[in-house]
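K.L.:
Sequence:
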Amino acid sequence: MTLFYIGVGSNDEAEQNCWQMIQALRQQFGTLLVSSLIQTSADGAVAEERVADYYNAVACFESDVSSALINGWCKQVEDRLGRVRGSLKCRADLDILQVVDDVREVKISTIEEVYYRPLVKQLWNFQMGRPVSVFTGAINLVFETGVKLGDQPRLLPELEFEAV
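In this text, residue positions in the sequence shown follow my numbering: the first is 1079, and each later residue adds one.
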């Protein structure tokens, strides 16, 4: 199985949209390891109007599906959540950051989106059994009773659906 590290981001109804993207990943790929959800500035955005800050997290999961299919699925989720490409408002952004066969192959320095690097490093340290960065300003995001994101990585269990 291959490990996928997916960047999750939004700056338009960010908390709700990040929740929906993470839930979609859980539904599609099962158990996820998810970093803290943090607020980052919209650096590089040139506009006359103020651009809202982003909420960003990184999710990691195992899959034997190809990168191309996972990328296509990510773009479908973005579209379903109302992403308008080229807009300064971003409802949903799901990007493949790293694809490796072994956690020891992760290369944080090659991640183009620098704001994701500390989040990937947080997950990598957790996976390697090393001390993890604690993001004291992390956004608490509740999924179901007893399952929430906070200042440290969290293993989110596969979603279970009751038969109707």
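No wet-lab data here; the hints were simulated from the structure. Predicted model, so just to flag it, every value in this text is computed and none were measured. One or more of the hints may lead you astray.
[To be verified] Straight line, CA to CA, 27 Å or less: simulated DSSO-like cross-link-like pairs of lysine-lysine: (1) K1153 to K1167; (2) K1167 to K1226; (3) K1153 to K1199; (4) K1185 to K1153; (5) K1226 to K1199; (6) K1199 to K1185; (7) K1153 to K1226.
K.L.:
Against each hint, give a clear statement of whether it holds in the structure.
P.N.:
A quick look at each hint next to the structure:
A C-alpha spacing of about 16 Å is found between K1153 and K1167, which places the hinted pair at or below 27 Å, so the restraint holds. Between the alpha carbons of K1167 and K1226 the distance comes to roughly 26 Å, so the proposed pair stays at or under 27 Å and holds. As the CA atoms of K1153 and K1199 are separated by approximately 25 Å, the hinted pair is consistent with the 27 Å bound. Distance restraint check for K1185 and K1153: the Cα-Cα separation of roughly 24 Å lies within the 27 Å cut-off, and the hinted pair is therefore satisfied.
The suggested pairing of K1226 with K1199 holds, with an alpha-carbon distance near 20 Å, which does not exceed 27 Å. This hinted pair checks out: K1199 and K1185 have alpha carbons roughly 9 Å apart, not beyond 27 Å. A distance of roughly 25 Å separates the Cα atoms of K1153 and K1226; the hinted pair therefore holds under the 27 Å criterion.
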